[in-house]
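Chains as they are written, first to last, in the working numbering: chain A, 1 to 298; chain B, 1 to 429; chain C, 1 to 370; chain D, 1 to 376.
Treat the hints as calculated values from the structure; they're not laboratory data.
Just so you know, these numbers come straight off a predicted model, no measurement behind them.
Here a beta-carbon is modelled for each residue, glycine too, at the ideal position from N, C-alpha and C.
Hints may be right or wrong, so weigh each one.
What the hints assert, rightly or not - Short, incomplete list of chain C residues facing chain D, as computed with Cβ under 7 Å: (1) L52; (2) G53; (3) K73; (4) M79; (5) F98; (6) G99; (7) M102; (8) K153; (9) Y222; (10) Y275; (11) H279; (12) G311.
Claimed, not checked - 25 Å max Cα-Cα, derived SDA-like pairs, lysine to any residue: (13) C/K15 <-> D/Y362; (14) B/K71 <-> D/G39; (15) D/K292 <-> D/Y362; (16) C/K153 <-> A/L21; (17) B/K148 <-> A/R131; (18) C/K107 <-> C/G63; (19) C/K104 <-> D/N278; (20) B/K189 <-> D/R266; (21) C/K73 <-> D/L31; (22) C/K104 <-> C/D151; (23) C/K65 <-> C/P237; (24) D/K292 <-> D/P335; (25) C/K65 <-> A/R131; (26) C/K15 <-> C/Q29; (27) B/K71 <-> D/F41; (28) C/K101 <-> D/P335; (29) B/K189 <-> D/W280; (30) C/K73 <-> D/R266; (31) D/K292 <-> A/F71; (32) C/K65 <-> C/G53; (33) C/K15 <-> C/K101; (34) C/K15 <-> C/G63; (35) C/K211 <-> C/L183; (36) B/K189 <-> B/G54; (37) B/K71 <-> D/L31; (38) B/K71 <-> D/L212; (39) D/K292 <-> A/A28; (40) C/K73 <-> A/R131.
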Amino acid sequence: MTGRTYEQSKPLMTPAQTAALDAQRRRARLGHNLRRGSIYALAVLLAIWILLPIWLITTMAFSTPTDVRAFPKHFFPIPFSTQTLDFFLNTQGILNSTLNSLVVALLALVISTVLAIPAGYAIARYLFPGRDAIRLGILSVRAFPIVVLAVPLAVVFIRLGMFDKVHSLAMMHAALTLPTTILVVASVFTSVPREFEEAAQIFGCTRMQAFWRVVLPLAVPGIAAAAILTFVLSWNEVFAAILLTISNRTLPAQILYTLDKSGDPFKFAGGFFMLVPSLIFIFFIRRYLFNMWGQITK
Amino acid sequence: MKRGHFLLLAFVAVLLIAGTVFAQGDTITFLSTQFNVVEEAEKARAILAAFEGGAVEFVGSEEAAMIDLLKAEAQTGAGTVDVIGALHGTFPTLVNEDLMFDLTELLASIEEGTDVNDAFVQLGRMGTEDYQYYIPWMQATYTMAAHKDALQYLPEGADINALTWAQLAEWGKAMQEATGEPQLGFPVKGLFNRFLQGYAFPSFTGGMVTKFKSEAAVEMMRFLRDDLWPYVNPESINYDFMNGPLLSGEVMVAFDHVARLKPAFDERPQDFIAFPTPAGPAGRGFMPVVVGLGIPFTSPDPEGAEALIRFMLSPETQGAVLRDLGFYPVVSGVDTSNLPEGVAIQLGAVEALANSPDAIPALLPVGLGARGGEINEIFRNAFDRVVNKGEDIQTVLNEEAATLQTLLDETGAACWPPDAPSEGACQVE
Amino acid sequence: MAEIVIENAVKRFGKFVAIDDVSLTIHDQEFVVLLGPSGCGKTTLLRAVAGLGMVDSGRVLIGGKDVTYLPPKERQISMVFQNYAIFPHMTVFDNIAFGLKMRKLPKETIRERVEHAAKLLHIETMLERFPGAMSGGQRQRVAVARAIAYDAKVLLMDEPLSNLDALLRLEMRAELKALLARLGATTVYVTHDQIEALSMGDRIAVMRNGKILQVDSPTRVYDLPTNQFVGSFIGNPPMNFLRGQVRRENGTVKVKIGTLLIAPPEEMQAALGSYEGRHVYIGIRAENMETLDRPADDTLPVKVEVVEPLGSQNLLTTYVEDNMIKISTHPDFPAEVGGQVWLRFPISKIRWIDPETGEAITPDMETILA
Amino acid sequence: MKKFPVTPYLLLLPSMIYLVLFFAYPMVQSLQLALRREGQFLHLRAEPAPEAAPVGTLEMQTEVRVLDRLRTEEVLPNGRTRPIYWFQVEAEDAAGSTIQGWVSQSNVFIESRTESTTARVVSGETTQEWTLDFLRRMVTDFRFGSALGTTILLIALILPLQFVLAIIMALVLQSQIRGSTIFLYIFTLPLGISDLASGILWYSIFTQRGFLNSFLVSTGLLDQPFIFIQAGNQGWMIAAIVLAEVWRATSIVMVIVVSGLQAISRDVIEAGEVFGANLWQRLRYIILPMLKPSLQVALILRTILAFQVFAVVVALTGGNVITVLANETYRWYDPARFNNPNVAASYAGFIMLLSLGISMFYLRAVRSQEEAEKAL
């Protein structure tokens, strides 16, 4: 026999056996579906846990001030109103401080990224005495409460004539985020294979050119993610902001400052307004988060 | 993230930075520790818009930040602030640091047209005779506010304009029994120290610091802990501003600064009444708050600053401040006839308080300089330890009195009203 | 009894069909190799048996029990992973004992079994070491020992030797074969290495594009591929496929390659007759052709382009028309680049292939029976 | 001989200078604040000029007799003139001897510059001395104990919850269910939310007229709103803070855990599955041990950050009855309250020591366990 030789075999079974098998199969399938289903349910539950408070504050931000104070509260912004949010946004100081926040955050982003790129590259690519000490030192600076750092810094800034200036706050924020940025950027460079760089050097680039033409373009997405993280950190930072600025407040500083002096409608609108940018930025960098941390923890 | 996003962000950054650098204008800068509440600052700016001597930039500030800024500007010699508005209690530090112009001549020229309250002018000299550190700007105090629904539970025979603290406690009890919820509210997270310094201690002991650990003070603490606080809404620990809880119906009766009660009266004048704070065994302690205007040496535009102060002291502006911000005038001749309903209600309570026969005016602490905040914490701590932590009253008062004495000794602060004047540092009895 | 039955299994990843309606029975104690190029679905099929990826439709039975939707632990299987997947944070002992501990066996039993398995794999001296410091070969032994110690009825191996260097692979191959023969577990072994498959399996299932093309003993798979792909995938050099034209001469069907006319055997006549006037492929292995250094009857002259001496044989690359033919010859056979040799095709060694489908042309059963 | 590598140091230099300038230097300065006190004394000058030779020293609050006065003027940049007075004074110094000399008006309090005959010393040059007073003041403050206790209690409650939740979230994401990218986004949302915003969010839920009470009352579970935030029952406040912090700060742990999980080869986990480990056993014996380095990093990071959180506490509970170390730091620093940077610096140093100590403990605890395993 030279025909097809593989067996299309089915075990010969009695109908009873087949029925038993089917029952077995149904049970197993149910178990399998139950497992998948419960994971799904768990995911949805966790998502609700995260989203519910955000939804509630959004409800508040889009209700009238009267509804904000009402009891029991509505769980939906009905009637829909931008009165509360309008009031918040039209309050003098809010637009200014939003602009300040943007400027501070962007400046901090630029300073910290520009400084972190060479430092991160050094940590990623060179083996040199003190490398681990520097890594450790960089991490440990985060252990010191900013609260107290702000005091002598304010003195330094006053001495330099930089007190209550947007750029001095940006410099402070850059200092706060620099350690993390350096480590993240280092991990981004580590993930760019050294071979690319070596290949570029073989084909006539100097080390600088190789970095500029090959490594940096490959690292741009990761660096951008790190930069956005700096932005978010600066956007949220309130302590240094409230101590180092008076007339040029950033948004969180302005909100914190007016928080204990204003009613719930203002509070809730402020809470909502502060939330929004972070939602957007996290959307942009969500995929890079894991790479960044994955490298750091190694 | 695409590369394009990154470039876009960088571009926006450059634009924004360029924008702020060129956005400096030529204005009179008015730095104030008052009206830094959002709504208030809005109204203050509206009033300042009527000033014809130039554009005014009104900037709200914390007290210490203001002091630090003025100090820093004095050191560098290049100033930005033209006029400051601050509580009487803020000025001692500025005086110590020798930062302020003498405004005697300005005051004299103002008084040619308008009479400024002499007691406040006296305060503005900060104990000197020939140097006017500030010109009084406006005054305020603390009163009670109640929802009209609460009146039905008022104890029998009690006159709401001559209430005692014991009656308030009774009232609170009656309201709680009727509604099932505690209906009294105090701004424990807010200006609560003023309640202790200017109302509780003077009403029960007749003094503020000298009688800090007296028997009367012990009795006061016991009253707060056992008689009053059981009927105070426990969420008071999270209240900054009493108009919110009043408006939302969390409490029916509240104590707070007039300006911080004002939104409730503005929004629903038909629902709320204002009345003087209650009296205790020693009298009706109350705390007038004086706000002054001064010009730092570093002002880039002293002429503009003087014009602005003159504007602020005009009866029209004073009337506008009363109408819109609920701070009371310090000059005569202010028209109070056409006040909004809410302001009128509050003004009535303030006048009743100041004119009540048993009134004991208690001033803000004077002479503590940069450590002015510490005395507030001492009073708060005493209250916290007794009422919230349940510690022994006499022990707590003795311990906090010791801290208080150290503070007074180290700063050399003399006694201030309602305590009798002292030679040298004030002494706790 | 641990017969594995796969019925009409289908597995998709998005639009990609990884397993396309596969049915396969593996007998109790049989050693079946799944062989195919990467991406052919062999690992996916193995994982479906293991329970690591459920099939979308169809069923999997192990020992008569439908396990299609059961998690791995309820399938009584054991597995050696391609990357060994030994736990880096556990000692060798703990690694091997892992499954037994999960079964909550008594400590003594565990120790005995672990030591036994370790001895079989000659790693009994390394039990207290951590895998981090071990070589690839040693880790591989740990992985196998772990699978053996677990003592399941079914042993699944996913390219277990692919991460070893050539020499070690050769050594391990024989050792593994002997070991598995002794254990007598039903074994499914995935590899892309046809030598491994030929040398180890009782049967080989050749897969391509999610389908099983042929399941047969190694010799049959080698000698009688059921289609062109199997023929070219198995064996080194791959089977030659020459284009020939089918024509009828004197009532009998003949196939013409170049100048040579081949007469198919009797039983193929009917089947090939339907291709008259068209082309078929003639599949023949390099070592199955008779190579002559001078013209003879029924021979095809071809031109030698390359001569590769391989020691035990010489491999000649030759052309006739545009057909490339690889021939293996005795090392002493005189062949020169540019010279000519003459080939004779033994009819019994020829596979006839349909050029359109790539399938082997099989004799008409009726003709045979008749 | 090997060449000493200069390039990496050059590349690191700008960052290092920056960090020293804006981090290390202020940090050392503020730590010094905790241990150094500024004293004040006043030099009497031989001549009415700031640079004149000192002839004696007076303490603060000393009463002086004014013997003579000298008025000069300074023209300010804004065009005004400012009178400056020097007073020739006589007083008794600390040793009790009478001394005479000149002082500037800014150092004394005088009722009338032109007429008064007495004045009081109010300012002068500063000196610095080492002192433990600020540390003592911190430790003896009645809030210190409860702040420390509450901080540790919160960490002890929050961290385990966070890690359990983060691991669950990470496993859910790893199981690659449909729509897992959306879940990924949702789970990481709180990452960009400040503790202030989170405090406001949860305040809207827990306040007396908040969402929780709205729900309980409108569904009839309660007749009247329950006051969660009250001094009488601190358990509720602790619970609210724990919820808010778990809600906000779990995502960073999750991100770290997911990155750690991604580094674990899928084969290894599947091997566990094949060899009979159920979900819990896989977690316990395979995933968690292999995640150890990631968990360690997350643990240290979260602990350090947990010591610094206070906006949630203040926004939710007022920060008086329930307080944490960072809040006390701010209370002492806050110009509107204690305005005492020295005690604030003591708190900051204390927090830093605690953070570093606990980090060391984590590192050692984890390492010793591994060593113990190897020793087996």
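| task | Check each numbered hint from earlier against the structure, then list the numbers of those it violates in ascending order. | result | Violated hints (numbers, rising): 2, 8, 9, 10, 11, 12, 13, 17, 18, 20, 21, 23, 24, 25, 26, 28, 29, 31, 33, 34, 35, 36, 38, 39, 40; every other hint is consistent with the structure.
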